[in-house]
Amino acid sequence: MSEAVIAAAGITRRFGQTLAVNGLSLEVLGGEVFGFLGHNGAGKTTTVRLLNGVLSPSGGSAKVLGLSPWQDGPTLRARTGVLTETPALDERLSARENLEIYGQLYRLSRVDAARRAEELLEQFGLSERAKERVGGYSKGMKQRLALARVLLHRPELLFLDEPTSGLDPVAAREVHDLIRRLHGEGRTVFLTTHNLTEAQALCHRVAVLEHGRLRAIGTPEELARQFGGVRLVLEVVPADVDKAMQVLKNAQRQENGTITVPGVARAQVPGLVGLLVQAGVGIYKVALEEPSLEDVYFALHAQESA
Amino acid sequence: MNPEALRAIVRKDLTAVARSRAVLIPLIMVPVIMLVLIPALAAFAPRLAELPGSTLSQFQTFLERAPAGLKASLAGYTPAQQIVVLSLVYFLAPLYLIVPLMVSSVIAADSFAGEKERKTLEALLYTPTSDRELFLAKALSPWLAAVAVGLLGFLVYSGVANLVTLLTLDRLLFPNALWLALALWLGPALAGLSLGTTVLVSARVNSFQEAFQLGGVIVLPVVGLLIGQVTGLMYFSVGLVLLLGLLVWVLDAVVLHLAFRLFRRDQLAARL
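Quick note, the sequences are listed as chains R and V, same order. Using the numbering used here, you'd call the opening residue of the first sequence number 1 and step up by one each time. Using the numbering used here, you'd call the opening residue of the second sequence number 1001 and step up by one each time.
FYI, nobody ran anything at the bench for these hints, they're computed from the structure. On a predicted model such as this, the values are computed, not experimentally measured, just so you know. Glycine included, every Cβ here is placed at the ideal spot set by N, Cα and C. One should not assume that every hint holds.
Unchecked claim - Simulated restraints, written as ranges between beta carbons of each label pair: (1) 1033/V - 173/R: 54 to 64 Å; (2) 123/R - 1213/V: 35 to 45 Å; (3) 1254/V - 17/R: 41 to 51 Å; (4) 1077/V - 110/R: 52 to 62 Å; (5) 1004/V - 177/R: 27 to 37 Å; (6) 1224/V - 154/R: 47 to 57 Å; (7) 1220/V - 154/R: 46 to 56 Å; (8) 1002/V - 19/R: 44 to 54 Å; (9) 132/R - 1234/V: 48 to 58 Å; (10) 1156/V - 123/R: 42 to 52 Å; (11) 125/R - 1004/V: 23 to 33 Å.
Sequences and hints are given; from them, build the entire structure.
Take a look at the structure:
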């Protein structure tokens, strides 16, 4: 990791009366995979548009790759690649045409664009159907082609908006491998996702956006410590659940039938299990779990709603 | 200005248009009707004039009211031949103008509003093109296509019209100064006006159909020219065409300036 490739200070964007992004300040470090989380309408896409100079801010400042998105837009966009939420491919053109044309738009010569298109078609397993119009492609193929297009000009900074949306598990895993490979090559990835498991698995740091405001930022582990804690998870004989709930303070019954006790330290576990045994509760499973990014996300969401 | 990027967008837009039946059908049908079928019908004009109850007498009244210049250009022809000359050289001239106007409007609607409708605009906004390059490339596609179709239409029309005049007058009338002025001066200017109007409309609508239908109002002045000629209120001369062309080029500059102001990345992205 190196210095910040994105440094936003209090960026704000209004659409009429609506405040889509509200004083957002964050830094993304060079070479990291940065997760940008938030529910629909939280302001994620607007932020990506702002950081690429596609939208102008109502206030605030930002430097991306050392450039001002709003003064050096074309120069900046030549060094970034954005995968939009929908593949945004011209369905009347073939896959090869889509890549070659965008290659030229990303300042490659015609020859280089054709060569690079060929490489990427091969890499994404689309060579055999490269001459077909994209309109006949499956959703997964379109998503792969859109990803290939993002990589045409070998961008230093990638913005990937829901890159695995609509993909089957195998294709999603391929995208995860690609993101890891991009990280291995030293590129920075700004990953916008709803998939918290994906974010936990891939991201070095994450930011959570709620109603255009930054609610939290840090590594998944830091956020877990900040907004959650280790919890005890118990699976008991179904007939003994009520008995167990009486014995354990702060216990919560989960939808899947398990019982969780938040904020339990490792040293407390033998004592709690002993109490249950004394009370005659039949125990199938005892586990101590770290909170997931999902737990953090829902904790933050609950705070915001409250 | 990056010429490679301009070429790439023009190529993208025109390739896409060539593969869309909904866009291509009017682009082929209208010129064929206007520039092949209708002028071919002029070959039958002398025969129709001889039929009982024909409107030849009304035509004579029209000629009596016609300006001296027009009368002079028809001197030496029989009344039946005059109908052929009048139709091919004068009356059908406004119809010819509809072709570059319509081609420009259809492709501009597909290129601007259609791009929004197909949700492909966002990817284009993220490219390292400036607003000026993006607008210029998007405007060039319909204009170049309209000028090309207009010139091709002019050549086809000249061929059909010459065939008709060869059969009915035993001479060739095309190309002539009036039609060269139409094809090379007024036609391209109208294509620009149609394009600018469609871009202005496209900024406020979200579908190709809406943009095409609303942008189509630009055809009304041309219909006015047609009515003006048929009713004898005016007739096309080289001078009038050059003057109209100049007026339309000035309007082009105004409308395209307004259209460019609407075509800001920020404004387009805000409406996505």
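Hints and how they fare:
{"no.": "1", "hint": "1033/V - 173/R: 54 to 64 Å", "in the structure": "56 Å, holds"}
{"no.": "2", "hint": "123/R - 1213/V: 35 to 45 Å", "in the structure": "44 Å, holds"}
{"no.": "3", "hint": "1254/V - 17/R: 41 to 51 Å", "in the structure": "33 Å, violated"}
{"no.": "4", "hint": "1077/V - 110/R: 52 to 62 Å", "in the structure": "55 Å, holds"}
{"no.": "5", "hint": "1004/V - 177/R: 27 to 37 Å", "in the structure": "33 Å, holds"}
{"no.": "6", "hint": "1224/V - 154/R: 47 to 57 Å", "in the structure": "56 Å, holds"}
{"no.": "7", "hint": "1220/V - 154/R: 46 to 56 Å", "in the structure": "51 Å, holds"}
{"no.": "8", "hint": "1002/V - 19/R: 44 to 54 Å", "in the structure": "36 Å, violated"}
{"no.": "9", "hint": "132/R - 1234/V: 48 to 58 Å", "in the structure": "54 Å, holds"}
{"no.": "10", "hint": "1156/V - 123/R: 42 to 52 Å", "in the structure": "47 Å, holds"}
{"no.": "11", "hint": "125/R - 1004/V: 23 to 33 Å", "in the structure": "28 Å, holds"}
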